[in-house]
Structures are given as C-alpha cells and as structure tokens.
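Participant: Chains A and B supply the protein sequences, listed in that same order.
Counting from 1, position 76 in the first sequence corresponds to residue 76 in our numbering; the numbering is continuous, with no gaps.
Counting from 1, position 137 in the second sequence corresponds to residue 137 in our numbering; the numbering is continuous, with no gaps.
Because the hints were derived from the structure by calculation, they are not lab data.
Here the structure is a predicted model, which means the values were calculated and not measured.
Glycine included, C-beta positions come from ideal geometry on N, C-alpha and C.
One thing to keep in mind: the hints can contain errors.
One-sided and incomplete, this derived list gives chain B residues near chain A with beta-carbon spacing under 10 Å [to be verified]:
id : residue
1  : Gly28
2  : Leu69
3  : Gly82
4  : Asp93
5  : Gly115
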Amino acid sequence: MNLAIREAFRSFERAPVLSGLSVTTIAFSLFAFGLFGLVAVNLRAALRLVEDRVEVRAFIAQGTPPEATSTAVGDIAIFPEVETVRLVTETQALERARRELGEFEDVFEAGILPASIEVRMRPGFRDPGTVRTVAGRLEMYDFVDDVRYGEEWVEKLYRLRNIATAAGIMLGVTFALVAVIIIGSTIRMAVLARSREIHIMRLVGATDGFIRAPFLIEGLIKGLLGGILALGLTYLAYHTVGRYVLQTTFFEEWLALAGVAAGAALGVVASAVSVGRHLKKV
Amino acid sequence: MIRFTKVYKQYQRGGPALENISFHLRRGEFAFLTGPSGAGKSTILKLIYVDQRPTSGEVRVDGKSSVTLTRDEIPRLRRRIGVVFQDFRLLEDRTAEQNVAFALEVTGVPGTNIGTRVARVLTQVGLASKATAFPHELSGGEQQRVGIARALVNDPLVLLADEPTGNLDDRASRGIFQLLKEINASGTAVLMATHDMNLVRDTGLRGLELNKGHLVFDSAAPDPGEGA
Numbered sequence: 001m002n003l004a005i006r007e008a009f010r011s012f013e014r015a016p017v018l019s020g021l022s023v024t025t026i027a028f029s030l031f032a033f034g035l036f037g038l039v040a041v042n043l044r045a046a047l048r049l050v051e052d053r054v055e056v057r058a059f060i061a062q063g064t065p066p067e068a069t070s071t072a073v074g075d076i077a078i079f080p081e082v083e084t085v086r087l088v089t090e091t092q093a094l095e096r097a098r099r100e101l102g103e104f105e106d107v108f109e110a111g112i113l114p115a116s117i118e119v120r121m122r123p124g125f126r127d128p129g130t131v132r133t134v135a136g137r138l139e140m141y142d143f144v145d146d147v148r149y150g151e152e153w154v155e156k157l158y159r160l161r162n163i164a165t166a167a168g169i170m171l172g173v174t175f176a177l178v179a180v181i182i183i184g185s186t187i188r189m190a191v192l193a194r195s196r197e198i199h200i201m202r203l204v205g206a207t208d209g210f211i212r213a214p215f216l217i218e219g220l221i222k223g224l225l226g227g228i229l230a231l232g233l234t235y236l237a238y239h240t241v242g243r244y245v246l247q248t249t250f251f252e253e254w255l256a257l258a259g260v261a262a263g264a265a266l267g268v269v270a271s272a273v274s275v276g277r278h279l280k281k282v
Numbered sequence: 001m002i003r004f005t006k007v008y009k010q011y012q013r014g015g016p017a018l019e020n021i022s023f024h025l026r027r028g029e030f031a032f033l034t035g036p037s038g039a040g041k042s043t044i045l046k047l048i049y050v051d052q053r054p055t056s057g058e059v060r061v062d063g064k065s066s067v068t069l070t071r072d073e074i075p076r077l078r079r080r081i082g083v084v085f086q087d088f089r090l091l092e093d094r095t096a097e098q099n100v101a102f103a104l105e106v107t108g109v110p111g112t113n114i115g116t117r118v119a120r121v122l123t124q125v126g127l128a129s130k131a132t133a134f135p136h137e138l139s140g141g142e143q144q145r146v147g148i149a150r151a152l153v154n155d156p157l158v159l160l161a162d163e164p165t166g167n168l169d170d171r172a173s174r175g176i177f178q179l180l181k182e183i184n185a186s187g188t189a190v191l192m193a194t195h196d197m198n199l200v201r202d203t204g205l206r207g208l209e210l211n212k213g214h215l216v217f218d219s220a221a222p223d224p225g226e227g228a
C-alpha cells in the first residue's frame, strides 16, 4: 500500500503539468455541472415558493352555525392531501381586505365579505387533478357557497414545473455525461503516458491489483482536488452573482460534499476502467 | 522445463504466426532462437512469459500448462522468468538501481531485502559503479546490462532475451553475450532470440531455427521422453 501511495504521488511529481491539467479539466467539467446544479436548485426553490401558494378557498354561506364550520375544519384537516386548514371569519376577512387594499379601506363594510375555509395542499399534492378533487370534496358541504382555487393558474404552474423537471433531468444527465467523458479521457491520457511502467510491472510479475492501486489512488487524488476546486469556483460564481445580480441560494452542505465525493468517485472509476482496458491490452 | 507441444498461434490480424511447434528446453540449458524477422521468434518468447496464449497445442513452463493456467497464476509464473528486450525498456526517470529495485518492489518483496539484492545483481552485470546513473547517462551496452540485472533480480529459472544485442555495436554485443553465458553458467537457462547466425555457429550452442512460423531446424535431438 505504501508503495502504491508513493507511486501515485511520484506521478504528480514527475509530470506536474499533465497532472495539473488533469485536475483543472476535472475541475472545470465539474464546475459546469455545478453551475447547472445551482440554477436547478434555485429554480426549484423559486417554484416551490410559488407552489406553496396553491390554495383552495371554500366560501361559507352567511348564517352557518360556527359548530358546523369548525367540525368541517376538523374533518378537512385529516385529508391526506391537506397540509393546513384555516377558518377565516367574516371579521378577519374584512380586516385582511382593508389591510391589503388600504386605499379602498372605506369601501369595505361589515358583512360584505363572506367567511371562508382556506386549505393549503401538501407538497406532492399540488397538481391540478388533486386540487380539483379536494375542491370537489369541499363543495359537497351544504354550507359552502363557492370553491375557488385558480384552476388556470394551477394548471400553468404545474405545466411549468413539469417542463422545468424534464429540462433539468435532460440537461443534468447531459452535463454529467460530458463530465464523465472528459474526466475519463483525461485520466486515460495519464494512464497511457505511463503505459511503459504498466508493461514493465506486468513483465516482472506484478499482480493486476498491485498495478491498479497507484492509478486508483492517483485518480482519487485528482478527482478530489478537481472536486474541491470546482466547489470553490461554483461558490465564487454564486458569490459574484449574489453581489451584483441577485440573491440566490447555495447548495446545502451535504450536497456540496456529495459533489466533491462524486468527483473523487469519478476519478477512481475512470482510472479503474482505463487501467483495466490497458491491462487487457498489454 | 519449457516444453512446446504442437503449438499453433494465430493472431487476430494476419496469418498464422506459429505452426506445429514442438521443442523442449531443459533446466540450465542455453539455446538460440534464430530466423529472419517475422519468423515467429518473439511469439515463442511471448508464449513463454504468457503475454500471449497458444491458439492450439500446449506450452508448459516450470510445470504450468498453458491449457490450465488461470489469469491469477500468471504473475507468479512471470516472477520465475526474466525477460530482456532489444530496446531495453527501462524507466527513464529512475536510476539504474531504482529500475532494478522496481521489479522487486512491485512484486511485494520486503524493503529490507531489496538494497542487498539490487547491489548483488548490479555487481554481477558489472554495473556496481553506475548504480545511481539514469538510463540516458549510460551507453547502450550499459543500459542492456541494467535490463539484464532487472530480469535477474528475482532469481528466475530462465532468462528470455529478445534480440538483446540488436541495438548494440559489435563490442557491446560480445560483452552482453559473454554476460548471458556467465549467467547460464551459474544455472539459469537462457533462450536468446537473434538473427545473427554467425554468433550461433561460432558458439556451438543449441540453435532452434524458425522460418515463417515453422521450426525448420533444431541442432539438439528432441527428447520426447523427458518431462517438463
């Protein structure tokens, strides 16, 4: 093992330019993927903010006894699709309207706005179909006059979300593939540069595992360094955008660490494949 | 110790490289493989150090048969075979002693034994004084001595030499040949591929002559009775 580590570091020492280039190439291909990831994460966060506002509102007929509505609120809260249920009394509705539309304060008189039950949907149940079902269920209460949930808006939002998800997956897979191909070729070049060594190791009777070990360690170090560098570049990009353009969110800690780990794993796998092919060939 | 029995070898590209080759090299023997370029000399050596497998027939080396040899057994077998090439195949960024030590390190020999063994084998090939020189600081003959030292350091049963003097002038060639004879005298079998027929004739040693993949002449009578 010691020898494998020594040999791995020796290759950095001996070919610093090639090693530096490999690390930079790995870093930039991961950086491109990181940038895409940042956009995806922020787009998702923005969409979720909008989605959080998907709401079904059931207007209550005047003169409904409060017991009836509060029993209904209790029932609705148990619906699996429902996140929160809130009863808005006539007085609360009036206060809210006056607060939100200050200049028309005088227009609103007591009794003009009906009481309502406001239902927010759980994440994952905000698609038009589910929202429609819940709205239908609310309509069945005798005391409910009308149910509104902005049908058209919910449908548009849902379509946008689907497009964003599909585009995200396609772009993500493409970026990831490009990164894998570039990293794979970079490592393969490094392995080819040392084909003579592999040849001699085989010739004098080194086992395949023994030949592989230094290359796997080298791939791990390159992937790790590339990953860390890519993370730094992505953070720099995030910081610059945040400072001059708009505030965005960065990856959660575990996701950033997963990115670096993925870089290291890619380095190891690419090395294993390259050396494996070489071992078969020599 | 090395026995070829009806060996055929066909590469994926190109015609047959070897056809119906049978011979036996005994422990401690010295033999030449001769013939023009493309006759199949290198292929015979590759079959011995299992860089290639025969298409049909059997190659036995130190009791191991090419028919039953698994991939995992190859490294251990190669440690009992030393190989030397025309182009030396040294690692340019390592000194002579590091090149020789490399062969021990990568086969898992404990570090404490390596120094002594390297020094001993470099002395044997007459390069003790140039142990710390890099290949580019050495003459062709000296580089080949490093190659031979590397092949010998694992105490092989047989030394395979593929045109070891092909890149050397007459004087260096004679030196290398002399060294190979000394190595053979100490008990290691030597199989040397060469196209220098004069060298073979002068020595009176056994010669196996190949032509277009056929064994056309063997100066020693085959001995089918002896086991490999």
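Participant: Now, for every hint given, state plainly whether the structure supports it.
Facilitator: Taking the hints in turn, this is what the structure says about them:
Below 10 Å, beta-carbon pairs count as interface contacts, and Gly28 of chain B has none with chain A, the closest being about 21 Å; its hint is therefore violated. Taken as an interface hint, Leu69 of chain B does not check out: its beta carbon lies about 14 Å from the nearest beta carbon of chain A, beyond 10 Å. Because the closest C-beta pair between Gly82 of chain B and chain A is about 8 Å apart, less than 10 Å, the hint holds. Taking 10 Å as the C-beta cut-off, the interface hint given for Asp93 of chain B holds, the closest approach to chain A being about 6 Å.
Taking 10 Å as the C-beta cut-off, the interface hint given for Gly115 of chain B is violated, the closest approach to chain A being about 15 Å.
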